[in-house]
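Construct the entire structure; sequences and hints are all you get.
4 protein chains.
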Amino acid sequence: MDAACARVRELGFTPHEIPGAGRTAIGITGNEGGIPPDLFSGLPGVAQLIAVTRPYKLVDREATDSSTVVEIAPGVTVGGEQLLVVGGPCSVESRDQVMTAARAVRKGGGHALRGGAFKPRTSPYAFQGLKEQGLELLAEARETTGLPVVTEVKDTETLPMVERWADVLQIGARNMQNYSLLEAVGSSTKPVLLKRGLSATIKELLLAAEYIFAKGNQQVILCERGIRTFETATRNTLDLGAVVMLKRMTHLPVDVDPSHGIGVWYGVTPLASQDWIVEAR
Amino acid sequence: MDAACARVRELGFTPHEIPGAGRTAIGITGNEGGIPPDLFSGLPGVAQLIAVTRPYKLVDREATDSSTVVEIAPGVTVGGEQLLVVGGPCSVESRDQVMTAARAVRKGGGHALRGGAFKPRTSPYAFQGLKEQGLELLAEARETTGLPVVTEVKDTETLPMVERWADVLQIGARNMQNYSLLEAVGSSTKPVLLKRGLSATIKELLLAAEYIFAKGNQQVILCERGIRTFETATRNTLDLGAVVMLKRMTHLPVDVDPSHGIGVWYGVTPLASQDWIVEAR
Amino acid sequence: MDAACARVRELGFTPHEIPGAGRTAIGITGNEGGIPPDLFSGLPGVAQLIAVTRPYKLVDREATDSSTVVEIAPGVTVGGEQLLVVGGPCSVESRDQVMTAARAVRKGGGHALRGGAFKPRTSPYAFQGLKEQGLELLAEARETTGLPVVTEVKDTETLPMVERWADVLQIGARNMQNYSLLEAVGSSTKPVLLKRGLSATIKELLLAAEYIFAKGNQQVILCERGIRTFETATRNTLDLGAVVMLKRMTHLPVDVDPSHGIGVWYGVTPLASQDWIVEAR
Amino acid sequence: MDAACARVRELGFTPHEIPGAGRTAIGITGNEGGIPPDLFSGLPGVAQLIAVTRPYKLVDREATDSSTVVEIAPGVTVGGEQLLVVGGPCSVESRDQVMTAARAVRKGGGHALRGGAFKPRTSPYAFQGLKEQGLELLAEARETTGLPVVTEVKDTETLPMVERWADVLQIGARNMQNYSLLEAVGSSTKPVLLKRGLSATIKELLLAAEYIFAKGNQQVILCERGIRTFETATRNTLDLGAVVMLKRMTHLPVDVDPSHGIGVWYGVTPLASQDWIVEAR
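Protein chains in written order, with my numbering: chain X, 1 to 281; chain V, 1 to 281; chain Y, 1 to 281; chain R, 1 to 281.
No wet-lab data here; the hints were simulated from the structure.
Computed footprint of chain R on chain X, listed as stretches where at least three residues anywhere in the stretch have a Cβ under 8 Å from a Cβ of chain R: (1) 116 to 128; (2) 149 to 162.
Below are the BS3-like pairs computed for lysine-lysine, each with C-alpha atoms no more than 30 Å apart in a straight line: (3) Y:Lys203 with V:Lys131; (4) Y:Lys203 with V:Lys203; (5) R:Lys131 with X:Lys203; (6) V:Lys215 with Y:Lys131; (7) V:Lys203 with R:Lys203; (8) R:Lys215 with X:Lys131; (9) V:Lys203 with Y:Lys119; (10) Y:Lys190 with V:Lys119; (11) R:Lys119 with X:Lys119; (12) R:Lys119 with X:Lys190; (13) X:Lys203 with Y:Lys203; (14) V:Lys119 with Y:Lys119; (15) V:Lys119 with Y:Lys215; (16) V:Lys119 with Y:Lys203; (17) V:Lys131 with Y:Lys215; (18) R:Lys119 with X:Lys215; (19) X:Lys203 with R:Lys119; (20) R:Lys203 with X:Lys131; (21) X:Lys119 with R:Lys215; (22) Y:Lys131 with V:Lys203; (23) X:Lys215 with R:Lys131; (24) X:Lys203 with R:Lys203; (25) R:Lys190 with X:Lys119; (26) Y:Lys119 with V:Lys190.
One side only, chain R facing chain V, incomplete, derived with CB under 8 Å: (27) Arg228; (28) Thr229; (29) Phe230; (30) Thr232.
All C-beta atoms in this analysis are idealised placements derived from N, C-alpha and C, irrespective of residue type, glycine included.
Listed below in structure tokens is the structure:
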């Protein structure tokens, strides 16, 4: 392993260790064209050299032999056998509101609490969130309920503050291609929940994840939250076909956000549940 | 009932009887503005006058007290408790192909066979279907397997021929706003499977169904088959949020076509099955 | 020429003569793969064999050496030097309305009158047009003003009636992929104005034109009228980039419909005029 | 004026002076509901109190009596009578390339030079720009040709550096809703060219401009550069209808970027020129 990484560095490239179930993959970036396989022949511990032709190299399904499991808190994982359920308010508004929501999530069997302390709003005059006070309320709710906290980070300036309080750093849809922010969370030790942009293709979502991964943070969770189409009867168009494709294309876990996807409370259960086709009404 | 319908006709409007579980609704069309309730007061058997404000009056959920159940063959229904599974080839190409497909559908637990004898193709030089010979092959497969046949009708000229052989008349996505065809199948005695247009809104789909319903054919099944968006990794974007909305907005049954929705075989099961979120790969 | 066409028929294919400025092209359809050039060598009058690789063969820019000029009335052309201006009401509603509009078009320097006698409406309860009476009013306006008439044909049943009165047969956006109707107008002797479908790609528009062309009617005018996107501030999104591409891709004339494209009166002049960038307000 | 601003501040709101041709408007933000007119009655110099009901208050056409003219360099304006033509390479790659391009722009009658020194790229492995060295080359080209420089700022960290060298700060499409960056350039003294996001509505573009304006920078130029739709034959769909609407809706100048809009060199002139309808080929 070390020998292989050293060789990669000698060649002027960057090695990325990606631990798998049966073996550890070493992703290589920084090369312009293909790398001749014999540069690595004879190195102890190297089983195989796989050329990844897609532009997202490290998050590609081929890059490792197992699916990535992200542990967002001790025993709370996503990407494995467990189905992660996350609930909570859009914005943190008051202690009462957060506590009530957190207890409801806990009681309903949810595994994590979400809520926005920093809100990137379409209008400069809309409520922009309680900021640090909101983060403190989320942390207090975690104390009480034991639920880890997922919350949005909206810029590099406030990233250190959000990192201090949150368990998972959420990158919002509008920031999916804010590359400076992606690189910043790529250097964080906290897991990242990356939401698909309103009109981002599946490929662009994977490339955004690659930005984070390439900086060293391998704890990336993708999130389908609905795309923008001509349809106005629903808030967005939840693209569940994209989830199917993503599971084929990447080893990263994929989350679904049915609330933003449809925009009405009565759509959440059918879109998330296991028997929506018959039950939906 | 008769008295109420007679009164509707006297007023110069058109009555549409829509049988429900507990009572029969009489949809009224042809009126320009609202109808004063007292025009119907005192008539025997009239329980209530409900103003439907939406432009699709007869297919609106409010128009009747129960969901429409369409029986496509004796004992084969859609819209009730049973989940209808339809399978088969895109186009009918040969006896062998149809028979093999029909037997596979039967064996797999499917309830109906689909296949195109008339194919509306983007290119004038593409195979346009086996036409009547294709219909005969479908009918032969029905004889052998007992599966009712769903097949597309592409114009009013060939409607009588398709009606003769098919159990369900399919209106393709490109014909969803072919109003002359909608009116023609509205006068048929066969059930109609109406596919959503590539860029049709939910409201436009309901209005297309209203065209059929208004002509007297109440056996209409809606079908979500994916819409056209910016995403190119999937063939279409299957809009399952629309299914949720449709079940709220109309009493008609709603079908999902995952094959056209995603365009790859490995996406069909996850998109149709009950545990796609975890299983999708 | 005749020898070449005869040879094409002998081979089991269909020849299509497309007259050009300097020479006449013979489009060949019905072949599955490429045609060996030597099958035509030595034939008198054959200058060149050009393989058209695009799926739209006859309307492809390569198919002929000059742009198609369609004469919609004596001296009124589109596709040449003249800029064709067409005006008129959405639907024909009354003699007064049509006459007033026709005179305004004439006075404003327009070259043709448009107006719908058959209206394919989203709702079955909306006004569907004055039908034959509307056609008669349009013809009367033509008598008075000398303006040729462009009007929509919505189905094959009423095509003979529309053909009798109209100078140009319009295929509406919702019927762009109604292939039976395309084939029917392909057998007409009247020019066809083919409107782009709401979510039709440029390629699909060309293939729809190919349907008409392949049936023998070479007088086809394409029309960009706006596509359906996520934007709701304008009625549609007028795709002027598509016009640029179409002029490169096909020898057919291309029209623009700014009224449907933007949906507000004050947008028509800026979108159609020659100095919209500065003047638009 | 001062009295009016003082009153606004006394009420706990924020005044924004917007100089116009005949009078100066004072935009008020920070109020939740409407403001009773009599709070300002009797104040010297106050002509009128206009309630702006749209969510973008300061950039709304109603907010002032004249169009905003932005001067990007002495004598080089946009928003007035002059048509501003900007040219240059996508990325700055070398001294030679920039100089050649700058001289061509100058010779062709262009008024400003554009070129990217910081490039937000979809892939983390793509060339990210020459950074400060690129800015220096742009400045050198300005020295030689006299053309002011428009260049992208991609994050708040590098804003001070870009501000030092550039004449106009460009906010790229992917950053249109990067609100922290919008606020940062809102505090700059340099004019801002704000590009419309790939799937941003007209309203969202105006709200993004409002973010900048609300921070005090009134030198904002909007830019339509094509939106993302289902069409793949062109790189984007240039939405010229949006330009028409924007000129009605806001007093800010609106630029068009035909290069990104269509993505092929031969489309730039037709889309930008004054007689595109006939000339486009």
